[in-house]
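Novice: When you get a sec, could you build the whole thing from the sequences and use the hints?
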Amino acid sequence: MKRREFLAAGAAAGAVAASGSSAWAKDYPSRPIQLIVPWAAGGGTDAVARILGSVMQKDLGVPVNVVNRTGGSGVVGHDAIARAKPDGYTIGLATVEIGMLHWQGLTKLTYADYDILGVVNQDPAGITVSADSKYKTAEELIAAIKKQPKGSFTASGTGQGGIWNVALDGLMMDQGMPADQVTWIPSQGAAPGLTDMVAGGVSMVTASLPEAQAMIEAGRVRALATMASKRLDKFPDVPTIKEALGSDWTMAAWRGVFAPKGLPDPVKAVLVKAVDEAYHSDDYKKFMTSRGLGMIYMPPKDAEAFAAKADASFGKVMKAAGLAKG
Amino acid sequence: MSVYLDALQLVFQPYVLAVIFGSAMFGMFVGAIPGLSATLATALLVPLTFFMDPVPAIASIVTATAMAIFSGDISGTLLRIPGTPASAAYVDDGYRMTLAGKSSEALGASLFFSSLGGIFGTIVLTVAAPQLANIALKFSSFEYFWLVLLGLSCAVFVSPGSATLGLVSLFVGLCAALVGQNNPTGEARYTFGSVELMAGIQFIPAMIGLFAMSEVFRYYVHPAAKRAPQAVRGSILRKQFANLRRYPWQALRGASLGTAVGALPGAGADIAAWISYAVSKKMSRTPQKYGTGHVEGIIEAGASNNGAVSGAWIPALVFGIPGDSITAIVIGVLYVKGVNPGPTIFIMHPQVIYAVFIVFFLANLVMLPLGWVMIRMASRVLSVPQNILMPVILLFCITGSFAINNSVAGILIMLVFGAIGFVMEENDIPLAPAILGIVLGPMLERNFVTSMIKAHGSPLGFFERPIAAGLGVAVIAIWLLPVLLRRLTRARRVVKQGA
Chain A
1 MKRREFLAAG AAAGAVAASG SSAWAKDYPS RPIQLIVPWA AGGGTDAVAR
51 ILGSVMQKDL GVPVNVVNRT GGSGVVGHDA IARAKPDGYT IGLATVEIGM
101 LHWQGLTKLT YADYDILGVV NQDPAGITVS ADSKYKTAEE LIAAIKKQPK
151 GSFTASGTGQ GGIWNVALDG LMMDQGMPAD QVTWIPSQGA APGLTDMVAG
201 GVSMVTASLP EAQAMIEAGR VRALATMASK RLDKFPDVPT IKEALGSDWT
251 MAAWRGVFAP KGLPDPVKAV LVKAVDEAYH SDDYKKFMTS RGLGMIYMPP
301 KDAEAFAAKA DASFGKVMKA AGLAKG
Chain B
1 MSVYLDALQL VFQPYVLAVI FGSAMFGMFV GAIPGLSATL ATALLVPLTF
51 FMDPVPAIAS IVTATAMAIF SGDISGTLLR IPGTPASAAY VDDGYRMTLA
101 GKSSEALGAS LFFSSLGGIF GTIVLTVAAP QLANIALKFS SFEYFWLVLL
151 GLSCAVFVSP GSATLGLVSL FVGLCAALVG QNNPTGEARY TFGSVELMAG
201 IQFIPAMIGL FAMSEVFRYY VHPAAKRAPQ AVRGSILRKQ FANLRRYPWQ
251 ALRGASLGTA VGALPGAGAD IAAWISYAVS KKMSRTPQKY GTGHVEGIIE
301 AGASNNGAVS GAWIPALVFG IPGDSITAIV IGVLYVKGVN PGPTIFIMHP
351 QVIYAVFIVF FLANLVMLPL GWVMIRMASR VLSVPQNILM PVILLFCITG
401 SFAINNSVAG ILIMLVFGAI GFVMEENDIP LAPAILGIVL GPMLERNFVT
451 SMIKAHGSPL GFFERPIAAG LGVAVIAIWL LPVLLRRLTR ARRVVKQGA
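Quick note, the sequences are listed as chains A and B, same order. Taking the numbering used here, the leading residue of the first sequence gets 1, the next gets one more, and so forth. Taking the numbering used here, the leading residue of the second sequence gets 1, the next gets one more, and so forth.
Hints listed in this document are in silico derivations from the structure and should not be mistaken for laboratory results. The beta carbon of each residue, even a glycine, is placed where N, CA and C say it ideally should be. Please note that the accuracy of each hint is not assured.
If you anchor each label on the Cβ, the simulated ranges turn out as follows [to be verified]: (1) A/Asp237 to B/Pro466: 35 to 41 Å; (2) B/Glu464 to A/Gly105: 32 to 38 Å; (3) B/Leu365 to A/Ala269: 56 to 62 Å; (4) B/Ala242 to A/Asn65: 39 to 45 Å; (5) A/Gly200 to B/Ser162: 36 to 42 Å; (6) B/Ser162 to A/Lys147: 55 to 61 Å; (7) A/Asn65 to B/Val384: 32 to 38 Å; (8) A/Ala320 to B/Pro14: 57 to 63 Å; (9) A/Glu243 to B/Ala477: 50 to 56 Å; (10) B/Thr164 to A/Phe153: 42 to 48 Å.
Specialist: What follows is the structure, given as structure tokens:
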């Protein structure tokens, strides 16, 4: 009863003064927080959200519940985060797709529709081939792609216009070829793409190396390069694309904690601090290293600039590659 | 080797063992109640599995379904009302034995040979699945396209009733599979602007609707008269070793045929039992005794339907193509748990899969003591009033379909599919092909489109790889054979009449 009265008082205060939110924030957080994940339980994003949530809830003193809102290439979940009430009780783990979906015409949402609390992970694209492929280095593979007629090679790892498709098209253009020199075969994600490659269905997969880790360790898949600026700790023998091809092209998937636009400043401060502390906790570090997932932290200001830059570069590549609409 | 040890460790934990025990009791109960099928038991379990790790989640389904298929025999034998459709084939034999005062022997045979059949099927699963997976690693979208088409064709032709009704059911499923944005182009179809529908028709709520909600509707439309059976007295298991010595080949034939039928997409325990009963009668030295309270058919068909429960997991794990409606749900659960079915399952999650195999053995062993208890308690369990049971099921239906995605849309989907399932069953349209349509429709489309892109738009690509060509010929043969046979018999008749 008491809380309801308090909430009513808070709402009234909010109605009277636009900055009435300070009354709220004193007590924030006072009830469980929802952490929306736009991808399925059991996947990489879900796992990151669960570990983040478990550390944040210790810090905030209220439960942080992970809620999976899947489907529509991530539109459903991202939409749910943006539409939630900006009271700090609904946040979400947004993924790189937020910078891509709107170029494809699948949603109107962009990073600008959110209050960004921090970017917590980044995984660069890779180049992998089947273990029985005749290409041993990225250089040999790219040379062969250049020599053969357009469409002789096929690649997979995600859906049409997904992050790894853009990574490949960008690389092709960077190497002076048309974006669709290699035919993209849409798949449901990295795992089915890799399976198809091992079966001889596609020539290469450009998913991130952590996604291919099990298949690499089983000796079924060979990693040729990573589209990062420096080698990955987990794969010290795999050269960067700069070392292999002399190319400056990089592309990576990332994940960040987003909130609906318009959080009251004190609430935002509490959440930003919680994300910061969760990122720097031992639990998070241990989990990310065990999965081979890339550790990177950007506080709100940097994250916003990063998201804006990523958005613009996606637009450029996707328009040139014919993946964008309108 | 360490993989097997890991698997043992995953299973032999107090929590997992408790889950196995609990779901065994649950499965026994649901199976025994007439009208509540093993698939319904699975559909109701799914929401609970969200809160579990992959191994206990899968273990609960494995155990509950194995138990339910056995305990369906209990009400069949005592009341002549099969508890699940899988017990329908030999219900007369069991009931006549009860009338003759031999209910304990009939149920003992059901229990003992169910357990044997289940263990046989599990051995086949354990041996065959990894081998098959090695071959399946060479399967690309061309092979999968044909395999899925083969599965859908089987579902239509082996479904009980006519192939026409099977086709109707299949198209209901395929239409539902069209909705949403999860197609190769990423375009939204039939979503009417709803963000919820962009994810497509959510599978689990649809399943709960088709199998559980429809049962609730049916109860309120045709309430069943309640009959409580007599308690079962007499030794249950003592005579079974003599039965095994007397009918060893029948048991083996039932178990192996059941496992094979189970592995066929779309054909589950019920069809396995019917086929095995027919085979048993045909091969028996005393076919005239079948249907009059003869234990031979119970042994063969009872082993068969439990073999089918295990056999259905072979294509489900190796190809992601369900062998029956239960494994169709299982595949959904596996995806939710991040254990994606397919040939790489043995590379990515070997310990989980071996743990599942261990659970299969455990479940079929634990069936003996628990089944014994269940038979002794049968008269009391079967007297649980339906007007208490149905509201509980309704509650499970609603919470379960909400919990999968925390959205009210799930409840709506569940209700709509409950109505669809009710109408279908009222008109004798089988449900299994619809389920396969929902699960396999997107897979069919995806593999067709990616194959066409790879082949640069040439349909000949579907016959260029040897395995794909073989599968393609098989599919075309399945569809052409009935037509050709009919033509042939008609031509012969014309010749005869002419002569």
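Novice: Can you tell me whether the CB distance of B/Ser162 to A/Lys147 sits inside 55 to 61 Å?
Specialist: At roughly 57 Å between Cβ atoms, A/Lys147 and B/Ser162 fall inside 55 to 61 Å, so the hint holds.
Novice: Return holds or violated for the Cβ distance of A/Gly200 and B/Ser162 against the range 36 to 42 Å.
Specialist: At roughly 40 Å between Cβ atoms, B/Ser162 and A/Gly200 fall inside 36 to 42 Å, so the hint holds.
Novice: For A/Asp237 and B/Pro466, compare the CB-CB distance with the range 35 to 41 Å and indicate the outcome.
Specialist: Holds, since A/Asp237 and B/Pro466 (Cβ atoms, about 36 Å apart) stay within the stated range.
Novice: Quick check: does the Cβ-Cβ distance between A/Asn65 and B/Val384 fall within 32 to 38 Å?
Specialist: Since the Cβ atoms of A/Asn65 and B/Val384 sit about 35 Å apart, the hinted range of 32 to 38 Å holds.
Novice: Given the hint of 39 to 45 Å, check if B/Ala242 and A/Asn65 actually sit that far apart at their C-beta atoms.
Specialist: Violated, since B/Ala242 and A/Asn65 (Cβ atoms, about 58 Å apart) do not stay within the stated range.
Novice: Is the gap between the beta carbons of B/Glu464 and A/Gly105 within 32 to 38 Å?
Specialist: For A/Gly105 against B/Glu464, whose Cβ atoms are near 35 Å apart, the range 32 to 38 Å holds.
Novice: Verify the CB-CB distance for B/Leu365 and A/Ala269 against the hinted window 56 to 62 Å.
Specialist: holds, 58 Å
Novice: Just tell me: holds or violated, for the beta carbon distance of A/Glu243 and B/Ala477 against 50 to 56 Å?
Specialist: holds, 54 Å
Novice: Range first: 57 to 63 Å. Now tell me if the beta carbons of A/Ala320 and B/Pro14 are that far apart.
Specialist: At roughly 58 Å between Cβ atoms, B/Pro14 and A/Ala320 fall inside 57 to 63 Å, so the hint holds.
Novice: Is it true that B/Thr164 and A/Phe153 lie within 42 to 48 Å of each other by Cβ?
Specialist: Because 46 Å falls inside the window, the suggested range holds.
Violated hint: 4 only; the structure is consistent with all others.
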